[in-house]
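Trainee: So you can see what is in the structure, the chains are spelled out below.
There are 2 protein chains.
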Amino acid sequence: MNKWLKFLYLPVFLVFTLGKAQEKLTIGEKQNLFSKVLNENREVWVHLPKTYHDATINPANYPVIYLLDGEINFEYYTGLTDFIARTPYADIPECIVVGIKNTERTRDLTPTKSQKKSPVNPAVTLFADSGESENFVKFLQDELKPFIRKNYRTQEYSVLVGHSFGGLFAVNTLLTHPDYFNAYVANDPSLWWDHKIMITKTKDYLEKNKKFPAGKSLYVSQADNEEQQKNWNSDMTQAIEEFKEIVEKNGSLNYKHGFFKGETHGTVSYPGNYEALKFIFNGFRTNIKQFAKNPELLEEDYKRLSEKTGAEFTPSEAYLNTIIKFMKSNDFKESETYFINLKNKLYPTMK
Amino acid sequence: MNKWLKFLYLPVFLVFTLGKAQEKLTIGEKQNLFSKVLNENREVWVHLPKTYHDATINPANYPVIYLLDGEINFEYYTGLTDFIARTPYADIPECIVVGIKNTERTRDLTPTKSQKKSPVNPAVTLFADSGESENFVKFLQDELKPFIRKNYRTQEYSVLVGHSFGGLFAVNTLLTHPDYFNAYVANDPSLWWDHKIMITKTKDYLEKNKKFPAGKSLYVSQADNEEQQKNWNSDMTQAIEEFKEIVEKNGSLNYKHGFFKGETHGTVSYPGNYEALKFIFNGFRTNIKQFAKNPELLEEDYKRLSEKTGAEFTPSEAYLNTIIKFMKSNDFKESETYFINLKNKLYPTMK
Chain P
18 MNKWLKFLYL PVFLVFTLGK AQEKLTIGEK QNLFSKVLNE NREVWVHLPK
68 TYHDATINPA NYPVIYLLDG EINFEYYTGL TDFIARTPYA DIPECIVVGI
118 KNTERTRDLT PTKSQKKSPV NPAVTLFADS GESENFVKFL QDELKPFIRK
168 NYRTQEYSVL VGHSFGGLFA VNTLLTHPDY FNAYVANDPS LWWDHKIMIT
218 KTKDYLEKNK KFPAGKSLYV SQADNEEQQK NWNSDMTQAI EEFKEIVEKN
268 GSLNYKHGFF KGETHGTVSY PGNYEALKFI FNGFRTNIKQ FAKNPELLEE
318 DYKRLSEKTG AEFTPSEAYL NTIIKFMKSN DFKESETYFI NLKNKLYPTM
368 K
Chain V
18 MNKWLKFLYL PVFLVFTLGK AQEKLTIGEK QNLFSKVLNE NREVWVHLPK
68 TYHDATINPA NYPVIYLLDG EINFEYYTGL TDFIARTPYA DIPECIVVGI
118 KNTERTRDLT PTKSQKKSPV NPAVTLFADS GESENFVKFL QDELKPFIRK
168 NYRTQEYSVL VGHSFGGLFA VNTLLTHPDY FNAYVANDPS LWWDHKIMIT
218 KTKDYLEKNK KFPAGKSLYV SQADNEEQQK NWNSDMTQAI EEFKEIVEKN
268 GSLNYKHGFF KGETHGTVSY PGNYEALKFI FNGFRTNIKQ FAKNPELLEE
318 DYKRLSEKTG AEFTPSEAYL NTIIKFMKSN DFKESETYFI NLKNKLYPTM
368 K
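For the record, the sequence lines run as chains P and V.
The first sequence begins at 18 in this note's numbering and counts up one residue at a time.
The second sequence begins at 18 in this note's numbering and counts up one residue at a time.
It is possible that some hints are incorrect.
Given that identical chains are not distinguished, each listed pair holds provided it fits within a single copy or across any two copies.
Calculated cross-link-like contacts (lysine-lysine; reagent style BS3-like; alpha-carbon spacing at most 25 angstroms) [claimed, not checked]:
1. K67 with K47
2. K306 with K67
3. K266 with K220
4. K213 with K273
FYI, nobody ran anything at the bench for these hints, they're computed from the structure.
Computed from a prediction, not measured in an experiment: that's the story for all the values here.
Okay, chain P solo, but in the shape it has when bound (with noise of 0.2 angstroms):
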């Protein structure tokens, strides 16, 4: 063979390769930082909303959801997200999503050190590397966040959510650093870790504080487990029923709590975290037939979100667009110039 020809060879059978496959369907991208804080590689799942790269609207900005144990839950949360972004009755923003992948789940999701016997095999002692919450919620504050930050086109406001260890992690952060993110979901969150320490910290910090700070939201799921009852969870759901009494009690959180009847702790995360994102972002839709005849009630609407959130949410471009294709193809001239006039104030670099 040509020498030549040889060389050739690879690429231009790459290529036909490449012509030949499938096309794949993507959800995402993976990412992979260094941390110096765990002193080891993260690597983490990123989801970006179908406007993102839509070249019709101005670049627009969008709130991150970092979702724990996400090699778990990132393919239906993703498709959660996208599935009640559609406009014209969206329930939340369109959102970028940010799963991140274990590497020591118990290490980086417990916030103390506390050991167990295994109750299958006795001659085992569970969690013994746990208790180091607290470098990992650095992890996440001051290297992924930056991270995604600068690699993303990201709105300040920000999701924490978590099931079982990551739903205690959630309820820790909350706690412990209640400025970093704007809500948090904890999913049948295991409140029972170390004596419930998670009922004593939540008291002690009701009795410093007085109340929550404002603005911020927490929706906790709790499965309806009977086996749970009769194993070594037993103190699971009284430990999260106990914490709602006290957070009920106390009033001063945007607090849900969701019992779901016949889900499992493996299993409650699916309902709970639609149910999780319809609490958070109650308010966020918007009735668009109601807009022919008042169109103010759009930033009224806005206005009532952003207050309640102490974030700032403005209507997209991409559902000013969709408004305004409503108004014209149904005739509402008034509506329809109404619109253009606020897309143009809040979007003045037309594409």
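Based on the hints, put chain V in the right spot on chain P.
Mentor: Chain V alone, transformed into the frame defined by chain P:
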């Protein structure tokens, strides 16, 4: 530039770019097939379950879920099937999901030609191209299913999932071709279509056949849309409830109706599809802990499910490996041997 170098430039650059690109997270692949029945090209999105390419087990076959309105539902749906098919506490078997992208949605999903004036603008006639679902179901049965069967390892168990007009299509397919699928899911189905023709067809079907065929399942979800009551879809709720009454009274169908408080027509598919899967595969979940004392329970569970569904379900090799690992790590030697023997029997070609 040397002419050889010039020629090389493009492919070498491509290889370089590929090397630098972030690794993408994929959930499926696009497939195209030309439909002679519909005389057009159709695009479908195919999702393969986690173990499909697992080289440590024998190649397995999987049930297939045909999902209408693929472009809207594919992401969360495929995330859902993977999420609840995780061992050891899987609620459903791992499934292949085929999302079907629309071309002429109204044409394909409606069973009769029926028109309506637009409630917003009476000058516009809606649904002028309706009434060709018989063609579309022929495409599914005679073209798409053989295509999927030929290109993927499928088990002879299939589910049809639709929403709105897609739900209407699912119910109509059950009535006209009950043998085409094993289970049918209709999320907030448009049973109001053409003066509630589905109600008439259901009554006719039952008068002629007395009862539904054995082993078939139907799950219907219903949204709680107050808005719906006020607009042109006012007969939607009424038609769904009328259908429910007829089917429940007859009692011969494996049928469940779920009402979703607070859900709208646009969101009900997310929880509806979850409840539907749990209903269809009710009995699939087995309890690994019980197998330590009663290993024969596993086959009994699968036998019961197979009888209920009229299809053959056997424990997957992946699940047997999970069980064997559990027995080994907890020193349940007799059970471990039992399941190793069962695995050898079911999967004689050891990997």
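Trainee: None of the hints should be skipped; say for each whether it holds.
Mentor: These are the hints, each one checked on the structure:
Taking identical chains as interchangeable, the C-alpha atoms of K67 and K47 lie at most 25 angstroms apart whether they share a chain (18 angstroms) or sit on different chains (18 angstroms). Within a single copy, K306 and K67 get their C-alpha atoms as close as 24 angstroms, which meets the 25 angstroms cut-off; across copies the closest is 43 angstroms, which misses it. Proximity of K266 and K220 under a CA criterion of 25 angstroms is satisfied intra-copy only: 11 angstroms inside one chain copy versus 54 angstroms between copies. In this assembly of identical chains, K213 and K273 lie within 25 angstroms of each other by CA distance solely inside one copy; the values are 20 angstroms within and 40 angstroms between copies.
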